[in-house]
Amino acid sequence: MIPAKPQLSRRFQMQWEPAQGNYVLLYPEGMVKLNGSAAEILKRCDGQHSVPAIVDELEAAFNTGGLRADVDGFLHAASERGWLG
Amino acid sequence: MDAPTIASPIASPLWLLAELTYRCPLHCAFCYNPVDYANQRDELTTSEWIDTMRQARALGAVQLGFSGGEPLLRDDLEELIGAGHRLGFYTNLITSGIGLTEPRIARMKEHGLNHIQLSFQDSTREMNDFLSSTRTFDLKLRVARLIKQYDYPMVLNVVLHRYNLDHVDRIIEMALEMGVEYLELANTQYYGWGLVNRAQLMPTREQLLRAEAVVNAYRQRIGNRVRILFVVPDYFEERPKACMNGWGSVFLGIAPDGTALPCHAARSLPGIAFPSVRDFSVKDIWYASGAFNRYRGDAWMRSPCSTCPERHKDFGGCRCQAYALTGDAANADPVCAKSPHHADVQAIVMAAHRAQGRQAVQPIVFRTDANSRRIGAGGT
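Sequence lines, in order, name chains L and B. Note that the first sequence covers residues 26 to 110 in this note's numbering. Note that the second sequence covers residues 34 to 413 in this note's numbering.
Note that these hints are calculated values from the structure, not bench results. Quantities reported herein were computed from a predicted structural model and do not represent experimental measurements. Be a bit skeptical, because a hint or two may be false.
[Unchecked claim] Keeping only pairs whose Cα atoms sit at most 35 Å apart, straight-line, the calculated DSBU-like set for lysine-lysine is: (1) B:Lys346 with B:Lys371; (2) B:Lys274 with L:Lys58; (3) L:Lys68 with B:Lys371; (4) L:Lys68 with B:Lys181; (5) B:Lys346 with B:Lys142; (6) L:Lys68 with B:Lys346; (7) B:Lys316 with L:Lys30; (8) B:Lys274 with L:Lys30; (9) L:Lys30 with B:Lys142; (10) B:Lys371 with L:Lys30.
[Stated by the list, open to error] From the derived model, a few chain B residues whose C-beta atoms are all more than 12 Å from chain L: (11) Trp48; (12) Tyr123; (13) Asp162; (14) Ser166; (15) Tyr356.
Even glycine gets a Cβ: it sits at the ideal position worked out from N, Cα and C.
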């Protein structure tokens, strides 16, 4: 189940790691490396953006179209892993 | 002619484990701390710890664990948490809970502590208090409530062995009641005090299979409400664990006196001069020291590891276990069925069970200063 306005769970902390050159998601005694697109989606999971709004922003920012399926797929996986609050 | 080999670049450390002290109010029979810990009293100062944290963070370490011994025995713990938080670490406190009062837990929150891992020895007062040789069960229950009251994510850690494996259902119920996010069921690893007490602690295969079935049934029922980690006891396996995800790969442990270790138990290995942060920079230790390069990569491996297709998956297992069971840390971990010493592991399990059946095992040796000094002086 993807929430209408997804929000990163308060149990996870996202931050930029200069030594790795990527964003990471931190949780008790663990870490997930995020690739560029995963990080761009998660940055917009602030509880304010609806899923279509996230897609619109990404398509505008990266001057492309047809991202809805990719965003849905990622949010579905993120939700299963408990990353969305 | 052999193909030319290209050394792969050394990745930066990700995990900094700060073992702030070996002092501990508990006396757990399975503790992985060195059995001669009582001889090591020279702890790093506050500023030495902060400098070590700063250097490790600059290299790329992002997870910071405060452990021990009991880290709450350091009265600068809050200051160290604050420093770690400001450096950008995700900060973890790994504790028995003894000394975790409400004023301290509130101060830690203010200083930016992210998570608390609380250990229990069992779901029953009797067994918890027996195995830790203390009366701490009720205190731990109060601490668990405090942790949730202050809204920390929490890992409940219980070390498993033959005395509590049959209580796994009640341990899971306790975790559900506490509202923890994670339950770590860690079967005893036989290092340090755990190795001393191996014959006492060794479970039967039937106990393990029953416990694993209980865990799987709960996972089905409770879903993600509590994520249960079940760390398999490797003496019963056919392949070794990928210990530390490889030597010098992600983990940097710092002992109370500043000795840098590629794994918690590495001090048990003879003939390796583990460098201290008092003498060398963390960068030199991680990238250039003989100790951290000793078993890095696969050039050190012998048969059967050197040609094994799984050598980059399990890295030949655990060096400390290879040393403890074969006398040479460069051998394959004998937990592996491909090791010529594998039969010895099975013999140890069987001997433990025979001794338990005859009630002939030695009494449990609790982790006390007196026992540590006795063993450190060459006693048994």
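Structure-based check of each hint:
1. About 15 Å separates the Cα atoms of B:Lys346 and B:Lys371, which keeps this hinted pair within 35 Å; it holds.
2. Distance check on the hinted pair: B:Lys274 and L:Lys58 sit about 23 Å apart at the alpha-carbon level, within 35 Å; holds.
3. Proposed proximity of L:Lys68 and B:Lys371 is contradicted: the alpha carbons are some 47 Å apart, above 35 Å.
4. For the hint linking L:Lys68 to B:Lys181, the alpha-carbon distance of about 28 Å falls within 35 Å, and the restraint holds.
5. With a C-alpha separation of about 38 Å, the suggested pairing of B:Lys346 with B:Lys142 is violated against the 35 Å cut-off.
6. Restraint check: the Cα-Cα separation between L:Lys68 and B:Lys346 comes to about 33 Å, which is no more than 35 Å; the hinted pair holds.
7. Of the pairs offered as hints, the one joining B:Lys316 and L:Lys30 is violated, with about 44 Å between alpha carbons and a cut-off of 35 Å exceeded.
8. In summary, the hint linking B:Lys274 to L:Lys30 is not supported, as the alpha carbons are separated by about 41 Å, beyond the 35 Å threshold.
9. Under the criterion of a C-alpha separation no larger than 35 Å, the hint pairing L:Lys30 with B:Lys142 is consistent with the structure, at around 29 Å.
10. Restraint check for B:Lys371 and L:Lys30: not satisfied, since their Cα atoms lie roughly 52 Å apart, outside the 35 Å limit.
11. Once the 12 Å rule is applied to beta carbons, B:Trp48 is inconsistent with being away from chain L; the minimum gap is 8 Å.
12. At roughly 4 Å from the closest C-beta of chain L, the C-beta of B:Tyr123 falls inside 12 Å, breaking its exclusion from the interface.
13. Every CB of chain L is more than 12 Å from the CB of B:Asp162 (nearest about 27 Å), matching its label as outside the interface.
14. No Cβ of chain L approaches the Cβ of B:Ser166 within 12 Å, the least distance being about 27 Å, so the stated non-interface status holds.
15. Chain L leaves B:Tyr356 outside its interface by the beta-carbon criterion, the shortest separation being 26 Å against a cut-off of 12 Å.
Checked against the numbered hints given earlier, this structure breaks hints 3, 5, 7, 8, 10, 11 and 12; the rest are met.
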